[in-house]
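> These protein sequence lines map, in sequence, to chains A and B. Just so you know, we're using the numbering used here here: the first sequence kicks off at 47 and counts up by one. Just so you know, we're using the numbering used here here: the second sequence kicks off at 42 and counts up by one.
Quick caveat, the hints were computed from the structure, so don't treat them as lab data. It is possible that part of the hints are untrue.
What the hints assert, rightly or not - With a straight-line cut-off of 25 Å between C-alpha atoms, the simulated PhoX-like cross-links for lysine-lysine are:
#1 B:Lys47 / A:Lys207
#2 B:Lys131 / B:Lys47
#3 A:Lys53 / B:Lys211
#4 A:Lys138 / A:Lys84
#5 A:Lys138 / A:Lys126
#6 A:Lys89 / A:Lys126
#7 B:Lys211 / B:Lys139
#8 B:Lys131 / A:Lys206
#9 A:Lys53 / A:Lys168
Unchecked claim - Per the computed footprint, the stretches of chain B lying under chain A, defined by three or more beta-carbons under 8 Å from a beta-carbon of chain A, are:
#10 55 to 61
#11 168 to 181
As the list claims (entries may be wrong) - Some chain A residues flagged as far from chain B (calculated, every beta-carbon gap over 10 Å):
#12 Val63
#13 Ala64
#14 Gln116
#15 Leu129
#16 Leu137
#17 Val146
#18 Thr148
#19 Asn167
#20 Gly214
We put the CB at the ideal spot given by N, CA and C, even for glycine.
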Amino acid sequence: MRPNVIKIGLLVVLVGVAVAVGVIVNDSVSIRGYNTIKGVSPKSYGGIVEYPVKRTVRVIVESSLDFQGQLYILDQTGLKLWLQEGVFSPLKTVDIYGGVSTTFEPPMRGLYGFALFNNSNKQHDISLVLVQYGLEYDLLTMSGALIISGAGLAWIGALKKIGSKIRGVRSIQF
Amino acid sequence: MRWEFKNLLRFPILELLVAISVYQSMLLTTTASSGLSEGSDWNWIIERTIGAITTFYGHQVVSLYVPQVFAGVIFASIGIAYEIEAEFVKVSLSHPIKRRDLFLGKFACYFLTSFLLLTGALFFSMFIQNWSVALGILAFPVGIVKILGLLLVQTFFIVSVATAIATFSKSTAISFIVSAAVLYLPYYMFEFAQVKLSFVPPESVRLFWMYLFFENSFWKQYTLSTLVEATVVPVFMALAMLLISFFYFTRRYDVR
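Bound conformation, chain B alone (with noise of 0.2 Å):
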């Protein structure tokens, strides 16, 4: 796990990657804050203040599917598919090392790196734009967890989608080419063609927040089965798809 992270980590990717996250963060802080209110009471004001925050960088989340994209891409075609294509997988299995366990930590580095490298930025971005109140948000914990677990669900589903496409495509260009096109598909019909696909991410991701910070519209608008679609449905999907690799990988892939 340690060699897989040097790897993922190594110039210029780490650097590109921070930029590119650090920047796209910055500007969705920015093109939020606008906003009045009346109040006369103290208290109201702080906790309706901090509430606002917490709830613009929830909605973030959604924005950032770019950067994850991008990021999840490269570390899984560059750890998976470039090293079955270059036989660099051979090599490691020549050595004491289960494939089970060189399946999950290649993975378990995709998933932290690409979370913690946006959660990272995301925290940067929040505690800069806002250091003025920075005390109060922290003072709000169940906020921040709940973008936590945004973006932790985010992350799954791509890093899984591409850890899949990866192993099966076994091939470096191929797998950047399907991962990106398959991953991006779902932003384009959601920015762009106004198509919403609420099974799975960035969509998914915006329903999931709706509910989680606005509980009471999202069940004005939306039923149950919404929201199991937007929550269960991509997980399982993500789940389903990082089985199949993991079972192709240690059963039937042929090193030979």
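So that you can see chain A by itself, here it is in the shape it has in the complex (with noise of 0.2 Å):
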């Protein structure tokens, strides 16, 4: 039973290694995302949908020089209240003259909604770039403690091992 305890705790940290080298591998590279709005009619919202958001989000909003609006982002309760029950709640509101480049820390990795709102009175096409970057650090935090308590397992059986030896060699003595 013991040396499966090691084994097993040698496995958890091999997960949580596996799982770290694959994040920061992989997170050394940008996402981006591209799309465009056509046509968002005066005093109006042009909506856009991101899955998933995991890292920090660089969003760029161009459009015409005379275009005035705003950028609001809402998370998966936000957009769920808001498409439901009308209830309007933004995480993060910008303003944007033109166009606009502001970052975005997401609190948690999931759905998030990007509204822009035509405040001109003009008809406007709208061009929405979304970079992420960054590190995960939702997922290192967790191959952290798998890295953590897999350790601890196996010196949990390692320490029980060395025991029973211990005592195994003190019964012959005595």
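Both chains come to you apart, so use the hints to assemble them.
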């Protein structure tokens, strides 16, 4: 039984290391998404949904020079509330004059909505670029926890094994 | 079978395979997930998101081909070729055990271990990468069944070919090199030479994935014969190789 504890511990450590290395290798590259919302009417919303948002996001909004409006970022709950019950509670609001470039730190990974409000009196085409960069700290934390718990398991298994050997030697001596 | 499992999963084979599989699954998942879409209906957005996740992971089965080959080749070379070479098979057959049971037990172990290892790694990655919608994924079991089906076909092909080569080669080194070369060649052609052999994985699995997840697009590009080539032919080939090696091991293999 004891060697199994060591083996399980080692396996958990290896899974943690594999997750961490996989995340670091992946996150060395940024992920880019692009979309154009055609013909957003005056005093109305144009919406975009992005999944999964898991790293820092740079949001770049581009339109014509006379465009004025707002960019709203909503999390999964906010998006659901807005679409199903009409309650609008964005996580972040940014004013736009012609265009804007801003960053957004998602509080947790998941589905996020990027809504654009056209505040001008003219119809506009608005393009939205989302670039995700940086590290997925939630997965790195999880892999750290896996490594620590796996090492702990292996250590307990090894201690028990050493303890049983010492007991065996003592029983031979006395 | 229990002994065979212990033999396969001894240190450091299991540890290495688990690490490679998890790493490969993690690598695949993160590169995939960019995409913007417009939507104003909540249920449509959720359905589309879950659909995109399962479709993506279905396609990742193709990318898990190399770790699967690695697992299949190691298992068959250690479990069959090495045991024949070191004459452990003679010892096994000196016990009251039928040759049929010995062969099928070994094959079942390799198949189950490879399948469960890669399935575990893929679903582990799928859920930790998308834990915020994990329950949503479980609400769409059809997508998960499709992914499992793709993994099943690919694993069966790889393990059957590796088992057949190990049975006939009777040498660990030859079995390892030949089965790795034979199984890696289609991947090399698929990935680097851009020569797609539609009747062997990984291309056949890609076509099968396309049929399962994008049926309309599949019929626009391919015909029924391509579907038969991609689904029936690899399974038939694997089955034929397995049966030939089975009959060789049970009827012709000389233990003296």
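> At 10 Å, judged by beta carbons, does Val63 (chain A) keep clear of chain B as stated?
Given that some Cβ of chain B is not farther than 10 Å from that of Val63 (chain A), nearest at about 7 Å, it is violated.
> So is Gly214 (chain A) really clear of chain B, every C-beta pair being over 10 Å apart?
Fine: 23 Å to the nearest Cβ keeps Gly214 (chain A) off the interface.
> Just double-check Leu129 (chain A) for me: nearest Cβ-Cβ distance to chain B has to come out over 10 Å.
4 Å, violated
> Given the proposed pairing of Lys89 (chain A) with Lys126 (chain A), does the C-alpha separation stay at or below 25 Å?
OK: Lys89 (chain A) and Lys126 (chain A) at ~22 Å, within 25 Å.
> May I ask you to check that Leu137 (chain A) keeps its beta-carbon over 10 Å from the closest beta-carbon of chain B?
15 Å, holds
> Verify the proposed pairing of Lys53 (chain A) with Lys211 (chain B), using a straight-line Cα cut of 25 Å.
31 Å, violated
> So is Asn167 (chain A) really clear of chain B, every C-beta pair being over 10 Å apart?
Correct as stated: the minimum Cβ-Cβ distance to chain B is 23 Å, above 10 Å.
> For the pair we were handed, Lys138 (chain A) and Lys84 (chain A), check the Cα-Cα distance against 25 Å.
It holds: about 23 Å lies between the C-alpha atoms, which stays within 25 Å.
> Far enough from chain B: is every CB of that chain over 10 Å from the CB of Ala64 (chain A)?
4 Å, violated
> Is it true that the CA of Lys131 (chain B) sits at most 25 Å from the CA of Lys47 (chain B)?
19 Å, holds
> Classify the label on Gln116 (chain A) as holds or violated, using whether its beta-carbon is more than 10 Å from each beta-carbon of chain B.
18 Å, holds
> Would the pair Lys47 (chain B) and Lys207 (chain A) pass a check requiring their Cα atoms to be no farther apart than 25 Å?
With a Cα-Cα distance of about 21 Å, the restraint between Lys47 (chain B) and Lys207 (chain A) holds, given a limit of 25 Å.
Of the numbered hints listed earlier, those contradicted by the structure are 3, 8, 9, 12, 13, 15.
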